[in-house]
Structures are given as C-alpha cells and as structure tokens.
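Colleague: Below are the chains, spelled out letter by letter.
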Amino acid sequence: MIKELTKKDILLENLNQLDFSSEPHFAKDLRAEAKNALDQLEFPTSKTENWKYTRIGKIINKTYSIQSKISTSQLSISNYLIPELDANIAVLLNGFYREDLSSIEKQEGLKISSLKNAIAQENGFIKNHLGGIAKAESEIFIALNTMSFTDGVYIDLDKNIVGKKPVHIINIITDNNIVANTRTIVKAHDNSAVKIIESFVNLQGEESFTNSVSEFFLNPNSQVEYNKIQNKEGESYQVSTEQVYQRKDSNFTINTITLDGTLVRNNLNIEVNAEGCETNLNGIYLGKNKNHIDNHTVVNHLKPNCNSNEVYKGILDDNSVGVFNGKVFVRPDAQKTNAFQQNNNILLTDDAVINSKPELEIYADDVKCSHGSTTGQLDDEAIFYLQARGISKRSAVNLMISAFIKDALSSISIEPLKNYIDSKIDERFGS
Amino acid sequence: MLSIKNLHAKIDDKEILKGINLEIKAGEVHAIMGPNGSGKSTLSAVLAGREEYEVTEGTVNFLEKDLLDMNPEDRAREGVFLAFQYPIEIPGVSNINFLKTAINETRAYHGKETITAKDFLALVKEKSALVELDAKLASRSVNEGFSGGEKKRNEIFQMAMLEPKLSILDETDSGLDIDALRIVAKGVNTLKSSENATIVITHYQRLLDYIVPDFVHVLYNGRIVKTGGKELALELEEKGYDWIKEEINN
Ligand SMILES: Nc1ncnc2c1ncn2[C@@H]1O[C@H](COP(=O)(O)OP(=O)(O)OP(=O)(O)O)[C@@H](O)[C@H]1O
Ligand SMILES: [Mg+2]
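Residue numbers (the numbering used here), protein chains in the order written: chain F, 1 to 431; chain Y, 1001 to 1250.
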C-alpha cells in the first residue's frame, strides 16, 4: 500500500535530517515524546476553533530547506542593534546560537548561553524544566519545535540577581525558504529581575518560516520584562508561542510589537498560579499589504489578589488582516482579581479587516474585570484640524497613530527601545 | 491681502455659499455677522481648505496666490489661521508637540531651519501668558477635557504661537465669560499689526467693543447682503435681522 505523503509528513521528513544523536538522554526523550505527540496532532484548519481566522496554508504548503549545522558565515549585526542601547547581545542565526557574533558581559549569578550547550552539559534546570510548561502534546507548533529546535537562548538568574543590562536576542534569518525552530527558556529565581528584548529580523530570508517557543519560569517576587519585536520584511512567516508560569508576587510584562510579517501568529499563555502577581501583556500590530497578524492570548488567574492588564492596538493598512483573541479566565479561587483587557483597532482602508474577540470567563464573585474592543477609522476632522495648523497630512496621520498606540507601549521600560519603536512608526507613517 | 470673488460652495449638492465677494487689506479687521445657518462657518471652512465643501464657482486670492489651489497645510503655512467654532478634541496628541511640528513644518516650507527647543519653550511661555492659558493646559492633549472656554482660549494661544497673517475667528466669543472675553480680545489686539488682518465672526456686539472692526458684513443665505462700519453691529444688536431680510426681499 502506498501512503500518500501529507504536508506534515513532508515537513517532518525535512526536519528528520536534523541530527540530535549526540544529545543526552533527557533531550532525546523529550524530542521522541514530541514526535509521538506530533503523530496525534494535525495542522489546524478553518474548523479548529483557535485558528478560525488564520489559514496556515501559506506556511505549510511550502517545501523548506533547513540549516542543519551551525555556520561560520560572517554577518554584521549592526543593522539589528537598537540605537543607544547598552545590552547583552545574543545572536541566533538561522536557528543557531552564534557565540562569535554575541557579546555577553559576565555577571555573577546571571547566565546567558546557548540552549544547545546547556543541554549538552546536562544543566539541571534545563533537564527538569525544558518543555515543562510548553507542552508538546498541547499544540502542533510546540510539538514541531520541541522535536526539532536547533538552538536557542537560556537565561538564568540566581536569587536576588538583577540583570545589569537588558538581554537583546537577535533572531535572524538570512536564507530564503528555510525553516528555523528556536527556543528560549528563562528562569528567574526569587527576587531576581531581568529585561529581555527578542527581535525577529531577516536579511533576505524571503519565504522563510520561524517557529519559536519560549518558556518563562518566574519564582516568587521576580520580575521579567520580555519585549518581542517582529520586524521581518518581505514575505515571511512566523509562529511564536510564549508560555509563562508565575509564582507568588512575581511581575511579568510582555510587549509584543509586530511591525511586519506576511503571516504572524503569536500564542501567549500565562498561568498566574500564586497570589500577589502582576501581569502586563500589551501589543501593537501594524499590518500592511496582505499581512496577516494574529494575536492569541490567554491569562489564567488561578489564585487571589492578582492584577492583569492587557492592551493591544492595531493599525491595519491596505489589505491586511488582524486577529485578536484574548481570553482571561478567573478561576473560582481567584478572588480579588483585577483583570483589564482592551483591544482597539484603526482600519486605514476599506479593505483592511480585523477580527477581534475579547473573552472573559469569570468563576469567582469578588473580582473587578472589564474588557472591550473597538474598531474605527482615523478621525478626518482631527486630521483637518492639524492640517489647518500647517501640519502635512502625512504628519497629521502619524501624530494620530502615535497617539492611538501610545498606551499599548507604556509598559516598555527600556527608553532606547521605546525610541526605536517610535522611529519605526515614524518611518512607516511619518514624513 | 484677501480677495474673494463670486465664491460659490456646496456640500452634498446643497449650495451654501452663493456668490461671496469680500476684499480685505492688511491692517484691517472685518466682522461677519448673520443669522444661524447663513454660511459663516462654511465660508471659514472653505478658506481653510476643508475638502468636504466643493467650490463650484469663484476665486480666492491670498497675498497674490490662488488660495483654492492649495492644500490646507499650505494655506496655514502661507499665513491663514482659523480659530474653529467647535475646536475638536484630539486625545493623545499633545498640544505642545503638535504646535512644535506645525511651527517646524511651516519654517521648513519657508526654507527656514527648525526652532530650537529653548526658543520654542520661551515662545510657549510668552504666548500662554498672553492668553493666560494655564501651562498645564498647554501641555495636555489637544483640547481633551478642556472646558468650552478653555478650548477657545487654546485656539487663540495657537494663533499667537503661529503668528498668522490672516486670522479667522469663528465665534471665538461664544461660551466665554466676561474675563475670558477680555483676555481673548487682548490677545487678538496685541497680535494685530499693519501687516496682518482679522476676520471676526460673531453674533454679539460685545466682542466688537474690544476688537473694533473697520467693516461689518452681514452674511445671509450664502451672500454678503450688507456692509457697513462698526455702527452696523450696534444696529443689528438692537433690531435683529428682520429688517435686512425685508430689505432683500423687497
Ligand atoms: N456638513 C454639512 N452637511 C450638510 N449641511 C451642512 C454641512 N455643513 C453646513 N451645512 C449647512 O450649511 C448651512 C450653513 O452652515 P454654517 O455652519 O456655515 O452656518 P453659520 O452661519 O456658521 O451658522 P451659526 O451661526 O449657527 O454658526 C446650514 O444650513 C448647515 O446646516
Ligand atoms: Mg458657524
């Protein structure tokens, strides 16, 4: 009997070229389990509830090549740095950590390293926690990643350690038609704090697909800020999953900034499993041409006395499509939860589309929760008012857009990053 | 300075301006009065370049240039300023930042370099003092949460910052208390010179006690039907518009 190859088979066959035979047992087991999970999982279709508005045909109907070994190709990363930012730089090139292109300042109690190396060294935390919250059996893209991630970044903070500089992970694709699976894992021990930026960029890299998974473990009273900047130009595809686990009095902030991308899907899942936690999940997305940008977020409040704030703002131009689905669960134990969620969109053309679905499920009675969603156009009268003062129409639009998205950027605490994003917005809409 | 000839304008196929003629020279103050709905705000919007209104006939020359041929921002950069009857709120856009952008774009248009931060701050300080606008208001979002009177004062503050050649004040007096009225009038008078001109649209003689017009025009049903000196305003205040309507209908 001849078995017809499915899209999944083709992709798997491709990924099977990757050789993980030298990895320690725990990693091999993890990958094998992921492979088993993959057998049970199918790519989402229009009937899959969580993927209703996002067709992934563009991603899976292609044959990709993969870079199976680390390369030594030289590359100047200066274009991808954030001006005025003094940071520890970790470079992932086509899925591989490039020590030679990275620059990490040694700090006692802070580890920033290649995940592959940490696995090879059988690092205790990695051994026990990799895949602990991003579970292969829960999602096909997590399974794919777990089975085949080539490398990634491991950030580990000891007790009471505050990262002196932000960590900037530059995740670059430089080849056309390749698939890269990268993985980030962050452990913040008690009372520690770190700020991270991960920018997804490309140099050429047309029609390439990045499938990234990040796991964040926040110990009591730790603080993690993760800023994800998607700025891949041209035809590019990305699925990202962040899985977050918060313990007592911890503070997690994520800013998801999607500046470009043909098909981008962000899956964010936050488990708030202790009291006194603070969670900020904000995002902006700027769609143009035929971009399709989908943000799916879940905040699961399991314990009392926690706050979560979520603001996502979208500007959709041309024929672009935005999807926002934000779920907030307030479980029966989670009394005194304050959960706020908001999604606002501006459509710049008649052809731009947004599917916005904020969802709140509350099973506790003493909580303060609100959610809302708006979609509109830029106010012509306001634009005229600004023009009537001598401001060009383009600048007026830019001022209005910057004003509109401002509060979705308010939890970025790294000033040079804020300026960088402002400059990207100016480039896009300003004169 | 401004020469309007046989100006016709319509919106949604409804003709609103039906042949306006008006000549304004530098140094002059013109008051335009007229019943509600006669077309006063439409005239100012057409002069400022609001696209919703379609000019079907006529010409407008401003400082020897065809005003109708310019986009709104270039009209402003050439020196036309409209103080809106209903200033709009623009949440999130800071009053000060947008004025800085406006000043710098206007300077660039005239081939001048950008204003320094220091000069700009000094200008803000001077002009907000002139119209007694609270510094806090000056730096807030454009008109957001301003009271009616504060919005009007903010219009005059912007006018003072931009130093236009032709200012059109569309009912800037309405909603102002007596003190605010005096302050606004003081602002306008301080900025007045032999180089610039002002059009004051108002329903009340009161403002004209402070800003004394050289001419008073009555706009009725899309046309200027009567022009006189400042005493015409007094007469209108006393008698209303019926006698003018009658004059026209006979
Ligand atoms: N956008 C519009 N759509 C339809 N009709 C309009 C529009 N703008 C103005 N008009 C009409 O044009 C006429 C003139 O309006 P305009 O605002 O110019 O009057 P005005 O003289 O300024 O009145 P007021 O003294 O009440 O301010 C009115 O009948 C008004 O309803
Ligand atoms: Mg009016």
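Warning: the hint list may mix true and false statements.
To spell it out: a stretch of chain Y is covered by chain F in this simulated footprint if at least three of its residues, at any positions, have a beta carbon under 8 Å from a beta carbon of chain F; those stretches are [unchecked claim]:
1) 1059–1071
2) 1165–1171
Calculated cross-link-like contacts (lysine-lysine; reagent style DSSO-like; alpha-carbon spacing at most 30 Å) [as the list claims (entries may be wrong)]:
3) K1010/Y to K406/F
4) K1118/Y to K393/F
5) K368/F to K393/F
6) K1165/Y to K1010/Y
7) K35/F to K52/F
8) K111/F to K159/F
9) K424/F to K1100/Y
10) K393/F to K1112/Y
11) K248/F to K62/F
12) K1136/Y to K406/F
13) K58/F to K290/F
14) K1025/Y to K1245/Y
15) K418/F to K357/F
16) K1065/Y to K406/F
17) K406/F to K1245/Y
18) K418/F to K1245/Y
19) K28/F to K111/F
20) K47/F to K1010/Y
21) K406/F to K1025/Y
22) K1118/Y to K1136/Y
23) K1136/Y to K418/F
24) K424/F to K1118/Y
25) K52/F to K116/F
26) K418/F to K1100/Y
27) K8/F to K69/F
28) K393/F to K1014/Y
29) K393/F to K1005/Y
30) K69/F to K47/F
31) K418/F to K1125/Y
32) K116/F to K159/F
33) K393/F to K1100/Y
34) K116/F to K62/F
35) K1125/Y to K406/F
36) K1245/Y to K393/F
37) K1165/Y to K424/F
38) K69/F to K28/F
39) K393/F to K1239/Y
None of these hints come from the bench; they were simulated from the model. Backbone N, C-alpha and C define an ideal beta-carbon position, used for all residues, glycine too.
Colleague: Hint by hint, note whether the structure agrees.
Modeller: Hints and how they fare:
no.	hint	result
1	1059–1071	violated (count 1)
2	1165–1171	violated (count 0)
3	K1010/Y to K406/F	violated (38 Å)
4	K1118/Y to K393/F	holds (27 Å)
5	K368/F to K393/F	violated (41 Å)
6	K1165/Y to K1010/Y	holds (27 Å)
7	K35/F to K52/F	holds (25 Å)
8	K111/F to K159/F	holds (12 Å)
9	K424/F to K1100/Y	holds (21 Å)
10	K393/F to K1112/Y	holds (20 Å)
11	K248/F to K62/F	violated (44 Å)
12	K1136/Y to K406/F	holds (20 Å)
13	K58/F to K290/F	holds (12 Å)
14	K1025/Y to K1245/Y	holds (28 Å)
15	K418/F to K357/F	holds (28 Å)
16	K1065/Y to K406/F	violated (40 Å)
17	K406/F to K1245/Y	violated (53 Å)
18	K418/F to K1245/Y	violated (61 Å)
19	K28/F to K111/F	holds (24 Å)
20	K47/F to K1010/Y	violated (52 Å)
21	K406/F to K1025/Y	violated (45 Å)
22	K1118/Y to K1136/Y	holds (18 Å)
23	K1136/Y to K418/F	holds (25 Å)
24	K424/F to K1118/Y	holds (27 Å)
25	K52/F to K116/F	violated (35 Å)
26	K418/F to K1100/Y	holds (21 Å)
27	K8/F to K69/F	holds (23 Å)
28	K393/F to K1014/Y	holds (27 Å)
29	K393/F to K1005/Y	holds (28 Å)
30	K69/F to K47/F	violated (37 Å)
31	K418/F to K1125/Y	holds (29 Å)
32	K116/F to K159/F	holds (24 Å)
33	K393/F to K1100/Y	holds (15 Å)
34	K116/F to K62/F	holds (27 Å)
35	K1125/Y to K406/F	holds (27 Å)
36	K1245/Y to K393/F	violated (41 Å)
37	K1165/Y to K424/F	violated (36 Å)
38	K69/F to K28/F	holds (18 Å)
39	K393/F to K1239/Y	violated (45 Å)
When each numbered hint is compared with the structure, violations occur for hints 1, 2, 3, 5, 11, 16, 17, 18, 20, 21, 25, 30, 36, 37 and 39.
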